[in-house]
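Colleague: Given next are the chains, with one letter for each unit.
There are 2 protein chains.
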Amino acid sequence: MNKQLKLAKRPVGMPTADTWVLEESPIPTIKEGEFLLRQDYISLDPAMRGWMNDAKSYIPPVQIGEVMRAGSIGEVIESKHPNFKVGDSVTGWGGVQQYIATDGKGFYTVDTKLAPAPMYIGTLGMPGMTAYFGILEVGKIKEGDVVLVSGAAGAVGSVVGQIAKIKGCTVVGTAGGPEKCKYVTEELGFDACIDYKNENVYKELKKAAPKGIDVYFDNVGGEILDVALAQIRPKARIVICGAISQYNNKTAIKGPSNYLSLLVNRATMTGMVVMDYAKDYGTAAQNMGMWMAQGKLKSKEDIYTGIDNFYQTFQRLFNGKKMGKLVLKISE
Amino acid sequence: MNKQLKLAKRPVGMPTADTWVLEESPIPTIKEGEFLLRQDYISLDPAMRGWMNDAKSYIPPVQIGEVMRAGSIGEVIESKHPNFKVGDSVTGWGGVQQYIATDGKGFYTVDTKLAPAPMYIGTLGMPGMTAYFGILEVGKIKEGDVVLVSGAAGAVGSVVGQIAKIKGCTVVGTAGGPEKCKYVTEELGFDACIDYKNENVYKELKKAAPKGIDVYFDNVGGEILDVALAQIRPKARIVICGAISQYNNKTAIKGPSNYLSLLVNRATMTGMVVMDYAKDYGTAAQNMGMWMAQGKLKSKEDIYTGIDNFYQTFQRLFNGKKMGKLVLKISE
Numbered sequence: 000m001n002k003q004l005k006l007a008k009r010p011v012g013m014p015t016a017d018t019w020v021l022e023e024s025p026i027p028t029i030k031e032g033e034f035l036l037r038q039d040y041i042s043l044d045p046a047m048r049g050w051m052n053d054a055k056s057y058i059p060p061v062q063i064g065e066v067m068r069a070g071s072i073g074e075v076i077e078s079k080h081p082n083f084k085v086g087d088s089v090t091g092w093g094g095v096q097q098y099i100a101t102d103g104k105g106f107y108t109v110d111t112k113l114a115p116a117p118m119y120i121g122t123l124g125m126p127g128m129t130a131y132f133g134i135l136e137v138g139k140i141k142e143g144d145v146v147l148v149s150g151a152a153g154a155v156g157s158v159v160g161q162i163a164k165i166k167g168c169t170v171v172g173t174a175g176g177p178e179k180c181k182y183v184t185e186e187l188g189f190d191a192c193i194d195y196k197n198e199n200v201y202k203e204l205k206k207a208a209p210k211g212i213d214v215y216f217d218n219v220g221g222e223i224l225d226v227a228l229a230q231i232r233p234k235a236r237i238v239i240c241g242a243i244s245q246y247n248n249k250t251a252i253k254g255p256s257n258y259l260s261l262l263v264n265r266a267t268m269t270g271m272v273v274m275d276y277a278k279d280y281g282t283a284a285q286n287m288g289m290w291m292a293q294g295k296l297k298s299k300e301d302i303y304t305g306i307d308n309f310y311q312t313f314q315r316l317f318n319g320k321k322m323g324k325l326v327l328k329i330s331e
Numbered sequence: 000m001n002k003q004l005k006l007a008k009r010p011v012g013m014p015t016a017d018t019w020v021l022e023e024s025p026i027p028t029i030k031e032g033e034f035l036l037r038q039d040y041i042s043l044d045p046a047m048r049g050w051m052n053d054a055k056s057y058i059p060p061v062q063i064g065e066v067m068r069a070g071s072i073g074e075v076i077e078s079k080h081p082n083f084k085v086g087d088s089v090t091g092w093g094g095v096q097q098y099i100a101t102d103g104k105g106f107y108t109v110d111t112k113l114a115p116a117p118m119y120i121g122t123l124g125m126p127g128m129t130a131y132f133g134i135l136e137v138g139k140i141k142e143g144d145v146v147l148v149s150g151a152a153g154a155v156g157s158v159v160g161q162i163a164k165i166k167g168c169t170v171v172g173t174a175g176g177p178e179k180c181k182y183v184t185e186e187l188g189f190d191a192c193i194d195y196k197n198e199n200v201y202k203e204l205k206k207a208a209p210k211g212i213d214v215y216f217d218n219v220g221g222e223i224l225d226v227a228l229a230q231i232r233p234k235a236r237i238v239i240c241g242a243i244s245q246y247n248n249k250t251a252i253k254g255p256s257n258y259l260s261l262l263v264n265r266a267t268m269t270g271m272v273v274m275d276y277a278k279d280y281g282t283a284a285q286n287m288g289m290w291m292a293q294g295k296l297k298s299k300e301d302i303y304t305g306i307d308n309f310y311q312t313f314q315r316l317f318n319g320k321k322m323g324k325l326v327l328k329i330s331e
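Residue numbers (numbering that gives the first Met the number 0), protein chains in the order written: chain Y, 0 to 331; chain L, 0 to 331.
Hints may contain errors.
Note that the list lumps identical chains together, so a pair holds whenever it fits in one copy or between two copies.
[As the list claims (entries may be wrong)] SDA-like, lysine to any residue: derived pairs with alpha carbons at most 25 angstroms apart:
| id | residue 1 | residue 2 |
| --- | --- | --- |
| 1 | K249 | N52 |
| 2 | K84 | D307 |
| 3 | K141 | K234 |
| 4 | K139 | R265 |
Derived from the structure by calculation, the hints contain no laboratory data. Predicted model, so just to flag it, every value in this text is computed and none were measured.
Model the full assembly from the supplied sequences, consistent with the hints where possible.
Modeller: Here it is in structure tokens:
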């Protein structure tokens with residue numbers, strides 16, 4: 000049988016267990032030009048929360064009754080498709096379901112001998128691509144820049160900071176709790192990490208970056224964005240990648256009160272969506288693979304098991320109980 | 000005697016009459032390498048409010064006891080300077096005072112036969128330059144763009160919108176009251192103007208720009224910025240030039256709640272300060288002069304008289320009782 004997690008209702012604020020419903024149905028059969036993918040791992044990302052809102056965005060919202068959207072990786076177990084053969088490892092937007100019959104649109108083959116499967120939905124997948132293009136193309140970092148990254152222990156932030164280090168920047172992260180901060184500085188090599196749950200971010204940032212920051216890569220929004228704006232240098236670039244602190248708001252999002260710092264500093268705040276860079280994913284994966292081989296880029300996946308445990312695992316995105324890229328193994 | 004308006008205290012919220020003090024002193028004498036300028040007109044600008052705050056900004060704040068900073072234009076009446084001779088019309092940062100002895104740094108000569116003196120502190124001065132570089136260099140308008148301009152009847156906004164029309168854009172303005180809106184559409188040639196004091200800006204903008212906006216030139220901040228963010232198109236550019244609705248706040252500035260629209264639309268919000276473009280002022284003045292000669296660019300100065308009336312005139316920046324560039328004639 001095929002277990003599929005479907006959106007049952009639109010959440011207000013933090014999703015609850017009954018936001019989704021897990022259904023069983025027969026494993027789908029494939030038509031000519033399709034293949035059957037056994038999905039082994041799905042990616043859990045903060046962006047999922049946004050996809051559940053009935054609002055105009057960069058992709059259509061998941062509809063009630065539809066399988067929950069998610070990045071996935073698995074193995075082709077049956078094929079009537081010329082380009083995908085049985086045994087291929089394939090990644091794409093498979094959704095939270097154990098099997099999918101697809102014509103392959105939006106899916107591509109990867110080599111799980113070069114890197115473990117979960118990494119292809121993490122550092123070598125969307126989160127890694129987001130980090131790569133966000134910090135290089137939007138943040139436009141150059142050697143000597145002072146870079147601040149929020150969500151520094153997360154799937155995107157951890158890669159952003161490491162790339163900035165590779166490029167010769169001074170890098171300060173923010174993360175929740177001493178354990179994550181230790182990981183960020185000691186394992187990932189950031190110059191400093193501010194524990195926003197236990198420290199005064201404004202004061203600690205003044206200490207860590209006394210001359211201010213040139214680039215802020217924002218995954219969280221809220222107070223940290225305001226603190227960053229207060230400490231940007233002339234011509235600073237703020238990359239708006241996400242705002243996890245605001246995704247479950249029941250009222251209006253908190254806008255950055257300090258946005259006029261953009262004016263004073265002739266600075267820029269730019270939003271990004273990784274899909275825009277699809278044509279260059281190959282180059283990015285090649286560079287990141289090289290940095291990994293050289294030991295300059297580390298990837299950590301935090302893997303949980305069981306499609307039945309989707310909700311508890313999803314909650315970890317927002318309660319902070321995870322380290323690195325959150326992945327759920329859904330094959331049995 | 001020389002009447003000088005000096006900052007008496009730092010205002011909280013809207014300045015009051017006793018924020019400044021008017022003093023009289025003898026007309027200054029000049030040293031070798033200086034000239035004496037009789038200041039005829041001063042420019043009144045919303046930015047003055049920011050210069051009064053004791054905060055880090057793009058220029059140092061005016062100190063208590065200092066002459067209030069203002070752009071000015073006047074005539075050289077005595078000179079020991081090789082480059083400025085008696086009778087020259089000279090503009091610069093002369094401040095709110097009737098006479099100034101200066102070495103000429105930051106001042107330059109203009110030809111008041113080509114355009115009337117007040118225009119050199121308006122459309123051919125800082126406000127005009129702000130409009131020119133803001134919409135062209137930061138807003139990066141191109142033919143066919145839909146452009147929204149707030150403060151459309153003001154010194155900067157009126158020029159922004161006219162330049163956008165010259166460049167083949169569809170231009171929508173916002174202004175306070177039907178009289179200003181009529182001026183904006185009928186005299187300045189904007190395609191539409193929304194009276195934010197009497198109309199629902201969100202609904203009217205939907206009507207005026209049903210497909211959304213490519214560029215928003217923001218002079219006001221607050222609610223209109225949020226409405227604009229809600230209606231930007233992919234790759235939109237928001238130029239942050241000012242936030243007059245927030246300058247007299249006694250509490251924190253209202254940040255734009257809808258800023259995540261930048262992410263969804265891969266859009267950019269960029270702050271600007273006109274001084275950065277100083278080396279290209281000449282080209283800009285040449286182009287704007289040409290557009291004026293061709294009847295494509297109109298300039299309106301709203302001129303009041305008497306340095307004694309500074310405070311009442313200053314209030315017009317914020318109560319809306321002015322049309323076009325606010326100027327005070329201070330020579331007697």
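Colleague: For every hint, state whether the structure bears it out.
Modeller: Going through the hints against the structure:
1. K249 / N52: Cα proximity of K249 and N52: one copy only (12 angstroms, versus 35 angstroms across).
2. K84 / D307: neither (29 angstroms within a copy, 86 angstroms between copies)
3. K141 / K234: Result: close both inside a copy and across copies, 13 angstroms intra and 24 angstroms inter.
4. K139 / R265: both (15 angstroms within a copy, 15 angstroms between copies)
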